[in-house]
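Going line by line, the protein sequences match chains A and B.
Here this note's numbering runs 13 ahead of the position in the first sequence, where the first position is 1.
Here this note's numbering runs 13 ahead of the position in the second sequence, where the first position is 1.
Calculated from the structure, these hints are not laboratory results.
Careful, some of the hints might be misleading.
No distinction is drawn between identical chains; accordingly, a pair holds when it is met within one copy or between any pair of copies.
[Said to hold, decoys possible] Keeping only pairs whose Cα atoms sit at most 27 Å apart, straight-line, the calculated DSS-like set for lysine-lysine is:
| hint | residue 1 | residue 2 |
| --- | --- | --- |
| 1 | K35 | K70 |
| 2 | K145 | K35 |
| 3 | K271 | K145 |
| 4 | K125 | K100 |
| 5 | K67 | K341 |
| 6 | K267 | K90 |
| 7 | K246 | K220 |
| 8 | K343 | K70 |
| 9 | K70 | K360 |
| 10 | K60 | K70 |
| 11 | K111 | K125 |
Below are the chains, spelled out letter by letter.
2 protein chains.
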Amino acid sequence: MSKGIISKDEDYSQWFNDLVIKADLAEYSPVRGCMIIKPYGYSIWEKIQAVLDKMFKDTGHSNAYFPLFIPKSFFSKEASHVDGFAKECAVVTHYRLKNDGEGNIIVDEDAKLEEELIVRPTSETIIWNTYKGWIQSYRDLPILVNQWANVVRWEMRTRLFLRTSEFLWQEGHTAHATAEEAVAETEQMLEVYANFAENWLAVPVVKGKKTSNERFAGALDTYCIEALMQDGKALQAGTSHFLGQNFAKAFDVKFTSKEGKQDYVWATSWGVSTRLMGALIMAHSDDAGLVLPPMLAPIQVVVVPIYKHDEELQNITAYVDGLSKELKAKGISVKFDNRDTQRPGFKFAEYELKGVPLRVAIGSRDMQNGTVELARRDTKTKETVQQAGLVDHIEKLLEEIQQNIFTKALTFREENTTKVDDYEEFKRLLDEKPGFLLAHWDGTPETEQRIKEETKATIRCIPLNNEQEEGKCILTGNPSTQRVLFARAY
Amino acid sequence: MSKGIISKDEDYSQWFNDLVIKADLAEYSPVRGCMIIKPYGYSIWEKIQAVLDKMFKDTGHSNAYFPLFIPKSFFSKEASHVDGFAKECAVVTHYRLKNDGEGNIIVDEDAKLEEELIVRPTSETIIWNTYKGWIQSYRDLPILVNQWANVVRWEMRTRLFLRTSEFLWQEGHTAHATAEEAVAETEQMLEVYANFAENWLAVPVVKGKKTSNERFAGALDTYCIEALMQDGKALQAGTSHFLGQNFAKAFDVKFTSKEGKQDYVWATSWGVSTRLMGALIMAHSDDAGLVLPPMLAPIQVVVVPIYKHDEELQNITAYVDGLSKELKAKGISVKFDNRDTQRPGFKFAEYELKGVPLRVAIGSRDMQNGTVELARRDTKTKETVQQAGLVDHIEKLLEEIQQNIFTKALTFREENTTKVDDYEEFKRLLDEKPGFLLAHWDGTPETEQRIKEETKATIRCIPLNNEQEEGKCILTGNPSTQRVLFARAY
Numbered sequence: 014m015s016k017g018i019i020s021k022d023e024d025y026s027q028w029f030n031d032l033v034i035k036a037d038l039a040e041y042s043p044v045r046g047c048m049i050i051k052p053y054g055y056s057i058w059e060k061i062q063a064v065l066d067k068m069f070k071d072t073g074h075s076n077a078y079f080p081l082f083i084p085k086s087f088f089s090k091e092a093s094h095v096d097g098f099a100k101e102c103a104v105v106t107h108y109r110l111k112n113d114g115e116g117n118i119i120v121d122e123d124a125k126l127e128e129e130l131i132v133r134p135t136s137e138t139i140i141w142n143t144y145k146g147w148i149q150s151y152r153d154l155p156i157l158v159n160q161w162a163n164v165v166r167w168e169m170r171t172r173l174f175l176r177t178s179e180f181l182w183q184e185g186h187t188a189h190a191t192a193e194e195a196v197a198e199t200e201q202m203l204e205v206y207a208n209f210a211e212n213w214l215a216v217p218v219v220k221g222k223k224t225s226n227e228r229f230a231g232a233l234d235t236y237c238i239e240a241l242m243q244d245g246k247a248l249q250a251g252t253s254h255f256l257g258q259n260f261a262k263a264f265d266v267k268f269t270s271k272e273g274k275q276d277y278v279w280a281t282s283w284g285v286s287t288r289l290m291g292a293l294i295m296a297h298s299d300d301a302g303l304v305l306p307p308m309l310a311p312i313q314v315v316v317v318p319i320y321k322h323d324e325e326l327q328n329i330t331a332y333v334d335g336l337s338k339e340l341k342a343k344g345i346s347v348k349f350d351n352r353d354t355q356r357p358g359f360k361f362a363e364y365e366l367k368g369v370p371l372r373v374a375i376g377s378r379d380m381q382n383g384t385v386e387l388a389r390r391d392t393k394t395k396e397t398v399q400q401a402g403l404v405d406h407i408e409k410l411l412e413e414i415q416q417n418i419f420t421k422a423l424t425f426r427e428e429n430t431t432k433v434d435d436y437e438e439f440k441r442l443l444d445e446k447p448g449f450l451l452a453h454w455d456g457t458p459e460t461e462q463r464i465k466e467e468t469k470a471t472i473r474c475i476p477l478n479n480e481q482e483e484g485k486c487i488l489t490g491n492p493s494t495q496r497v498l499f500a501r502a503y
Numbered sequence: 014m015s016k017g018i019i020s021k022d023e024d025y026s027q028w029f030n031d032l033v034i035k036a037d038l039a040e041y042s043p044v045r046g047c048m049i050i051k052p053y054g055y056s057i058w059e060k061i062q063a064v065l066d067k068m069f070k071d072t073g074h075s076n077a078y079f080p081l082f083i084p085k086s087f088f089s090k091e092a093s094h095v096d097g098f099a100k101e102c103a104v105v106t107h108y109r110l111k112n113d114g115e116g117n118i119i120v121d122e123d124a125k126l127e128e129e130l131i132v133r134p135t136s137e138t139i140i141w142n143t144y145k146g147w148i149q150s151y152r153d154l155p156i157l158v159n160q161w162a163n164v165v166r167w168e169m170r171t172r173l174f175l176r177t178s179e180f181l182w183q184e185g186h187t188a189h190a191t192a193e194e195a196v197a198e199t200e201q202m203l204e205v206y207a208n209f210a211e212n213w214l215a216v217p218v219v220k221g222k223k224t225s226n227e228r229f230a231g232a233l234d235t236y237c238i239e240a241l242m243q244d245g246k247a248l249q250a251g252t253s254h255f256l257g258q259n260f261a262k263a264f265d266v267k268f269t270s271k272e273g274k275q276d277y278v279w280a281t282s283w284g285v286s287t288r289l290m291g292a293l294i295m296a297h298s299d300d301a302g303l304v305l306p307p308m309l310a311p312i313q314v315v316v317v318p319i320y321k322h323d324e325e326l327q328n329i330t331a332y333v334d335g336l337s338k339e340l341k342a343k344g345i346s347v348k349f350d351n352r353d354t355q356r357p358g359f360k361f362a363e364y365e366l367k368g369v370p371l372r373v374a375i376g377s378r379d380m381q382n383g384t385v386e387l388a389r390r391d392t393k394t395k396e397t398v399q400q401a402g403l404v405d406h407i408e409k410l411l412e413e414i415q416q417n418i419f420t421k422a423l424t425f426r427e428e429n430t431t432k433v434d435d436y437e438e439f440k441r442l443l444d445e446k447p448g449f450l451l452a453h454w455d456g457t458p459e460t461e462q463r464i465k466e467e468t469k470a471t472i473r474c475i476p477l478n479n480e481q482e483e484g485k486c487i488l489t490g491n492p493s494t495q496r497v498l499f500a501r502a503y
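Chain A on its own, in the form it takes in the complex (with noise of 0.2 Å):
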């Protein structure tokens, strides 16, 4: 427990809080439910970006940017969709503020909107809205597009990353000219999600579609994928949604066939946001702090210099200068930590609390021998390595220990995955030993509410490729084909 983070397993909720503040990733802001993301925490975000910004264009797509406001008439033209945001949005009335003469500044009524503009929840309405511009025959399709943005969602009961009413996020929208490639489409960047998941976040993740009850507010199909969270509870970590015609047929973006047919456009829109996250923390951190893996962290090697006098620093600090650059060379990134205001006691519980996947440190005796001290912040071990081929040993390292992160937590999902048949224990199970639960349900939105309304569990997913299996819904006793994902979820 550095710099008081309390435990996970005294108040997890309360841990989590304080690791996101002490660890310098994101604070509260005086806005209600809007966060400041620091430095650290965005300079992680910014590596989630890049490498989501490259595989997004390896599959062939463009960034834009559209309004950060929607006509409040955009907003109500697709049904579903207004019910599911409306009551969460942000409304720009007016756009002028002005003086009272009294020395206070008022919102001034001449200056009142004749239409209410929404910030954007998300930007279907206003794309598809330009989209009927862009397209007239199938030649204009596809159309592959990415935005990242800022969108808002006035939320009640905010937590840092986690649910907060500002957020950041990236929003593909695509337009095609069929159904099957639609499909395609939105199966697609769910692979593309699951695959950035589990192999840079080290999270692995349960791949399904959403029932009715929990599908995007106008969508067709709703693909997810989802992860378990060290507490037991799920996290919904990215979504891709099959549009259908929706949106096309709300707007009215009709295009002309090959063979000279008229029909309504075919859409998809798929998301992950700052969420994220919260998901790479609460999936791998301890009450020592985070754990990053090396593929998303800021400082994958930070080297600490132990020593008394100049003339030993400047030793070190020779040899950490060459080993520097030829790790940089590898594209691994160091920093090496020569503050004399701090003593190594002091740095070495600092990196641990900001999960710096490998710590190097170099004392006097260890310049003597030809060695080095390597700390690695998963397993906690340290060992004494020979300056010889350290380079190498620290790359393998790196990978060992990415695949070493990822290999714990599937290991914990696995074990706190259970096939339940009995409603009872199902409700024990979720009290006592949370985590996903398997089990068989009717297949009906009123059973899947009860079951909610009841146990606070929902149902994550029907996983892709599930097992085909007879049995009866846990609640009802109805024949069911297929187990779900049951799990209480952020």
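Mind docking chain B on chain A? Use the hints.
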């Protein structure tokens, strides 16, 4: 005149608008004054961002993210700041919509905010409120933070990229222990902007300080870079502000110095925006379309095959594959346009319109002769060159084009910068030969204001390291020690 762009000599303003739209850079949205940045336009902005972001990081800055919304009371704390921005603020007053029972979506009056929120027009207030929590002692200084964000300043008269209600920008906000350090930071960032403008945008700029009339609301000193567009109007391309202790005082941000004394913190802020896109377009383009400097062109080289039979295309393709690989290895971006739906002439016009710096055309005869045809966008000259040594030749040509575009803009500026000592002549030049006018000014805001009212020309800046010379104010005849830079401006 391709694709219906009007000639810039005929109607410069219409030419600009046509160009932005026909070259697929941006378009207006249905939201008053907000634009949609299309994929091709955004890809240029991404290059601008990448270069600047690296420059900011190389000078020690980190990125962070602050809320979109600013409580009205914060906004009012710095008096001149609120005066400067109050008249152009989008104001959020409600956080929910509802159905009125008759099928209409209306603002829910029960969800009125206690305190209105301003959509940030700039972030000094919310950031300095945050810095209060980050700064206790000199050890916490300097803070060198930048933010990439969208901002909103309600505009009645808008122009794509140049003046839009929402725009994208970066805003640096730094905190320092001494005035000297803050001034040095302000000047450093001006240099960064000038370097970027001249060596990437290929736009020569005059570095200077604003007069008090034109200063940023809340600054002690505003430094700027001023560029001259092809119609002889000036465009402010970036600003860097020395804010003194104004915001520290407004938000009570004090620090304890090394000597144990308490003092207010010193501040700077600096920003450039999507307005740079406007500068880029207006400084270099012609009646055939965009002219992009190679350093910022999303596609630097386009290859167009000219063929009749598939076999010819296969031959050409095999060669182009090798060429592309070699170009990419040198970091040169290349596009092979092998669409069979469009004729070469159509493609030539399209890439001219989109400003691709270099076009390579290859026909069957070229393949036999071991040659290609190169066409430069900047000079519109063509040459037939050997395939042997082509990659090196292209690399050199791109450098030459970058240099030539800059030199051309510099020559234009020199030819359109005039020393003038007579007010009638001053007015005549503004109408007949608009450009930069170097004229004496008596140093008073009143004179500046009168000149502005009478001529629509403003003092763009007092150039740095300005030559000192005795003279008489062009309006009042009062004594003056230096000429200042006048122009009509965007």
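Each hint tested on the structure:
With identical chains, the CA atoms of K35 and K70 are at most 27 Å apart between copies only, with a shortest distance of 24 Å across copies and 35 Å within one. In the homo-oligomer, the alpha carbons of K145 and K35 lie at most 27 Å apart only across protomers (17 Å), although the nearest pairing inside one protomer, at 48 Å, exceeds that limit. Taking the closest pair of Cα atoms, K271 and K145 come within 27 Å of each other only inside a single copy of the chain (18 Å); across copies the shortest separation is 62 Å, beyond that limit. Taking the shortest Cα distances, K125 and K100 sit within 27 Å of each other both inside one copy (22 Å) and across copies (13 Å).
For the homomeric pair K67 and K341, the shortest alpha-carbon distances inside one copy (21 Å) and between copies (17 Å) are both at most 27 Å. Taking CA atoms no more than 27 Å apart as the test, K267 paired with K90 passes inside one copy only; the shortest distance there is 16 Å, against 51 Å between copies. For the identical chains of this complex, K246 and K220 are intra-copy neighbours only, at 16 Å inside a copy versus 57 Å across copies, given an alpha-carbon limit of 27 Å. In this assembly of identical chains, the alpha carbons of K343 and K70 lie at most 27 Å apart whether taken from the same copy (24 Å) or from different copies (20 Å).
Proximity of K70 and K360 under a CA criterion of 27 Å is satisfied inter-copy only: 24 Å between copies versus 39 Å inside one chain copy. Taking identical chains as interchangeable, the C-alpha atoms of K60 and K70 lie at most 27 Å apart whether they share a chain (16 Å) or sit on different chains (14 Å). In the homo-oligomer, the alpha carbons of K111 and K125 lie at most 27 Å apart both inside one protomer (13 Å) and across protomers (19 Å), since each shortest distance falls under that limit.
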